[in-house]
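Since chain A is already given, all that's left is putting chain B on it; use the hints.
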Amino acid sequence: MKTKRFDFNFRPLQINVSFSVDGSVPDRQTYDADSGEYTPDYTVTPVIIQPNVSRMDKDEILLPGRINQYLTNIRWYEIVGGVKTLIAADNAGYEITNSGDNAGRIKVKKNAAQNIPITLQFYAEYIDTRTNQLHIIQGTNQIFCDNSTAYMPVLSINCADTTIYNPLSDADTQTISASLKLGTDECPTNKRLFVWEKWNPNDLAWAVVGAETTLDYDVTVSTDGVSCIVNRSLMGADLYLRCRAKYDINGNPGSVALSDASPCKVVAFVRRLPKFEFDYFGVPTNIPADLMAVAPFAKIWNANGDLPSPERELLALWYIATNQASGSLSYNLVAAGMNPTIPTAALSQIYGAVIGLDVIDIGPVAAMEDGNGVVFEDGDGNVLLIH
Amino acid sequence: MARYIKANPKVAVYLHLENDRNTVKDGNYLLWQGDMLAFGPLTQLTETLEQIGGIALLAHEAREEQEGTVTRELPIATDERFVIPSESSTAASESTTETPATDNTESETTNTEKEA
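Just so you know, the sequences run in chain order A and B.
Letter by letter, the first sequence follows residues 9 to 395 of this note's numbering.
Letter by letter, the second sequence follows residues 1032 to 1147 of this note's numbering.
Chain A on its own, in the form it takes in the complex:
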């Protein structure tokens, strides 16, 4: 007997999937950072995405039309920022219908971050009852959130770009406060974070204030981070301070990574002694013959009058030279200070002597270090500062 096998030749089932927004709530929302409001707010009125799966049987065995009720293994994935997560049944942000005529429907009860859309990926399986062939149905739908904020966050700090610090007359400390404005209103405190950084001239890089506990003695950031106190008398010759702001609409600014696009302000503090004059007084040019020493006093002044405590930043050096009939004089350093006692031993009986005064800047305060760049500390771990 000669046999041959015969099979039904089913033509492939045609499966279509499309997505529609069910109801009046749109799948595109806006966020206004000024009011902190989403429109519409999906936590109040959720958006509903309905996948519509239909089949078409060219053999006309199966009825054409919607087959949502036959879907199995329905899954939705959330993709945010390239990270794909399966939406579990206990996910409070979503509600998925797994059976019935509307099987596959997803209710989105969370808001998207602005300009970071939530991509919802749909997955379901359908078995062709004619051939038991498994069809996998997939598709994506996006939830957009546009930024409708009228104003972007603007950082301002109450300090000039460059502050000239005159150690002879200016206050030692200066408090700088930062402010982040959204339009005309101050940004809510839970949505922003200020980061204060100091320029490190050795590393040629910005470092967060407080990271180097030993050497950040000149800047103190307040506990809330809004302001910082710069002790200009301790800063050295100059100090460059940068303030940057982290801003997050969802109230989690700590997770924001700072970048060149972050709101930023840089200010400089420069120590500079203004021009001053000096002279010495208190000694007559003709002194009695038996006087062993003279005690002149120095006077240092500028356009505003006598300097109140010049020895803080300036050092008076006294020289004396035996006077000669001709030729250059040879000055010897004999004393230092504002009111020294200068011996008259150098006075020539015939030509006398010349007393000179020089005033020098002793320079800014800095940490004391050894030849290897290691700073000195006292027993309590406090760094030693010297001029």
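Read the hints as simulated data drawn from the structure, not as lab findings.
Incorrect hints may have been included.
Claimed, not checked - Here are the computed lysine-lysine pairs in the DSBU-like style, where the Cα-Cα straight-line distance is at most 35 angstroms:
(1) A:LYS118 to B:LYS1041
(2) A:LYS117 to B:LYS1056
(3) B:LYS1041 to A:LYS117
(4) B:LYS1056 to A:LYS199
(5) A:LYS118 to B:LYS1056
(6) A:LYS117 to A:LYS92
As the list claims (entries may be wrong) - Covered stretches of chain B, as calculated for chain A (at least 3 residues, CB under 8 angstroms):
(7) 1044–1052
(8) 1060–1073
Claimed, not checked - Selected chain B positions facing chain A (Cβ under 7 angstroms, derived; list incomplete):
(9) TYR1035
(10) ALA1093
(11) GLN1097
Backbone N, C-alpha and C fix where the C-beta goes; we use that ideal spot for every residue, glycine too.
Relative to the frame of chain A, chain B by itself:
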């Protein structure tokens, strides 16, 4: 400015939104302004609200309702299809502080049933 509509369950059922929209503490629903298009254009929102006995809320007010910190009483609908006589009489007779507590229990039970 977008508006959220607080309406009674009869309105939600009429719009087939009882499974799609959130309920608040007193058992009423928070609808989106677009849902009102079934009753007429948004330019006639005031008339629509009178008809269905609903109130329009701003976003922060809607959130207050959602969180249960504030519960606003609904007016009686002029359209008899949406009148809830028992609830309105209860609200009139009971004090405002007790009403939400009672309704809260009811709404929670309803939610549990839905989820189940």
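Do the hints match the structure? See the list:
1. Proximity of LYS118 of chain A to LYS1041 of chain B is assessed by CA-CA distance (about 26 angstroms); at most 35 angstroms being required, the pair is judged to hold.
2. Of the pairs offered as hints, the one joining LYS117 of chain A and LYS1056 of chain B holds, with about 18 angstroms between alpha carbons and a cut-off of 35 angstroms not exceeded.
3. This hinted pair checks out: LYS1041 of chain B and LYS117 of chain A have alpha carbons roughly 23 angstroms apart, not beyond 35 angstroms.
4. A C-alpha spacing of about 29 angstroms is found between LYS1056 of chain B and LYS199 of chain A, which places the hinted pair at or below 35 angstroms, so the restraint holds.
5. Distance restraint check for LYS118 of chain A and LYS1056 of chain B: the Cα-Cα separation of roughly 20 angstroms lies within the 35 angstroms cut-off, and the hinted pair is therefore satisfied.
6. In summary, the hint linking LYS117 of chain A to LYS92 of chain A is supported, as the alpha carbons are separated by about 18 angstroms, within the 35 angstroms threshold.
7. Proximity of the segment 1044–1052 of chain B to chain A, defined as three or more residues with a beta carbon under 8 angstroms from a beta carbon of that chain, is established by the 3 residues found.
8. Coverage of a stretch by a chain is defined here by at least three residues with a beta carbon nearer than 8 angstroms to that chain's beta carbons; for the segment 1060–1073 of chain B and chain A the count is 7, and the condition holds.
9. Given hint, TYR1035 of chain B at the interface with chain A, holds; its Cβ is 6 angstroms from that chain's nearest Cβ, closer than 7 angstroms.
10. At a threshold of 7 angstroms, the smallest CB-CB gap from ALA1093 of chain B to chain A is about 5 angstroms, leaving the interface hint in force.
11. A distance limit of 7 angstroms between C-beta atoms decides the matter here; for GLN1097 of chain B the minimum to chain A is near 5 angstroms, and the interface restraint holds.
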